[in-house]
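Since the structure of chain A is provided, determine the placement of chain B on it from the hints.
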Amino acid sequence: MSVSPRIAIADTCFIIDWARYRNREIIYRVFDIVFIPEAVLREIKSGTTITWVARGLASGKLSLYTESEDEVEEARSLIIRSRRISHMIPVDLPEALCIVIGRRKGYTVLTENKGAIMATDIFDEYRGVIVWKALEILLTAQLEGVLSAGCNDSSKVFKEYEEDTLHIFPRRDLIEAVNRIEQEMCRQRGART
Amino acid sequence: MKVVMRARVSREDLEEARRIRREMADWEFIEKQEPRIKEALKYYIETGDLYVASRIAGISVEEFNEIRIKARIPNVG
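Note that the protein sequences, when read in sequence, are chains A and B. Oh and the first sequence: position 134 is 133 in numbering that gives the first Met the number 0, straight run, nothing missing. Oh and the second sequence: position 10 is 9 in numbering that gives the first Met the number 0, straight run, nothing missing.
For reference, chain B alone in the conformation it holds in the complex:
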């Protein structure tokens, strides 16, 4: 039998996600990056929005995701 379910999200989830991203991020790595990448990483930490962050960085979503992982910023969700 097929299972039926759906994802959900709450305001508390967003606050928790932001806190976890801030706490786990490698801030030394982030501060060493060139300005576009640095600001994009900071934007990602605050919003969790990979698409817009990649546009700030001027690279593809997946290229930005690789940098996110190097910066130890978790994708929380």
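Next comes chain A alone, as it looks inside the complex:
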């Protein structure tokens, strides 16, 4: 049985954080292809991020996504709808585009934008869109054996990311992720020895 490729589309706030992470190359083992919209590329300025993105594009692990007028139009509509809901964090064009593309193509959306996550909870047509932050990638990488889970310190991988990017994971999410690693990875290892 063939396994369908795991494809993602990344927005600006995700890429500029992720490019600072010491183990940033692991994203290519979690995803088969990561698309970067042209609008995101325009926001990248630092040498570190430009070098990482350019090398990724050259190797074919990252791929440029040229958004269509139709996708931009749908994204603008999503922006307006998000601003009409008082309890929602509004979305802006970069993340709105990623959500629209994620829905149309079935790609996982990589973003740190909370409005983007809320949009997939609030709007019915976007409920099927999978949104991941860095936390979900780091957790998946450990559960799938891409990164070795530190059973002596199950939060090590997450702490390293926090140090490199000055990005702090919500404590509740972090505790849940660490518990999951301990239950699914560390107990298995313990059971085998």
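Be careful, since some hints might not be right.
Capping the alpha-carbon separation at 25 angstroms, the derived lysine to any residue pairs in SDA-like fashion look like this [what the hints assert, rightly or not]: (1) 44/A / 57/B; (2) 69/B / 51/A; (3) 69/B / 34/B; (4) 104/A / 65/A; (5) 44/A / 69/B; (6) 37/B / 41/A; (7) 37/B / 142/A; (8) 37/B / 163/A; (9) 37/B / 21/B; (10) 44/A / 42/B; (11) 104/A / 85/A; (12) 44/A / 73/B.
Treat the hints as calculated values from the structure; they're not laboratory data. All figures in this text were calculated on a predicted structure; none of them were measured in a lab.
The following block gives chain B in isolation, referenced to the frame of chain A:
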């Protein structure tokens, strides 16, 4: 086997994030910045919205992110 999961967010997360940004920010650094940057940093602390903050500052998202890090404001999420 591929792992299936999805991110989520709650009102409590947003309040916690705002509190952490306020507490960890280097306010002395922020107050020394030119008005556009200073107001953009304050906007970011209140909302966590990097894109709009960068537009207030009049610079790219990544340029603003570099200033965010210098101001010791964490990206919480």
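Verification of the hints:
1. A distance of roughly 14 angstroms separates the Cα atoms of residue 44/A and residue 57/B; the hinted pair therefore holds under the 25 angstroms criterion.
2. A C-alpha spacing of about 22 angstroms is found between residue 69/B and residue 51/A, which places the hinted pair at or below 25 angstroms, so the restraint holds.
3. As the CA atoms of residue 69/B and residue 34/B are separated by approximately 16 angstroms, the hinted pair is consistent with the 25 angstroms bound.
4. With a C-alpha separation of about 13 angstroms, the suggested pairing of residue 104/A with residue 65/A holds against the 25 angstroms cut-off.
5. A hinted pair counts as satisfied when its Cα atoms are at most 25 angstroms apart, and residue 44/A with residue 69/B qualifies at roughly 16 angstroms.
6. The straight-line distance between the Cα atoms of residue 37/B and residue 41/A is roughly 24 angstroms, inside the 25 angstroms bound, and the hint therefore holds.
7. Taking the CA atoms of residue 37/B and residue 142/A, the gap is near 41 angstroms; set against the 25 angstroms cutoff, the hint is violated.
8. Between residue 37/B and residue 163/A the alpha-carbon distance is near 24 angstroms, which keeps this suggested pair within the 25 angstroms criterion.
9. For the suggested pair residue 37/B and residue 21/B, the alpha carbons sit about 14 angstroms apart, so the restraint of at most 25 angstroms is met.
10. Distance hint between residue 44/A and residue 42/B is fulfilled; the C-alpha atoms sit about 22 angstroms from each other, no more than 25 angstroms.
11. Simply put, residue 104/A and residue 85/A have alpha-carbon atoms about 29 angstroms apart, too far for the 25 angstroms limit, and the pair is violated.
12. Simply put, residue 44/A and residue 73/B have alpha-carbon atoms about 20 angstroms apart, close enough for the 25 angstroms limit, and the pair holds.
In this structure, the earlier hints numbered 7 and 11 are contradicted, and the remaining ones agree with it.
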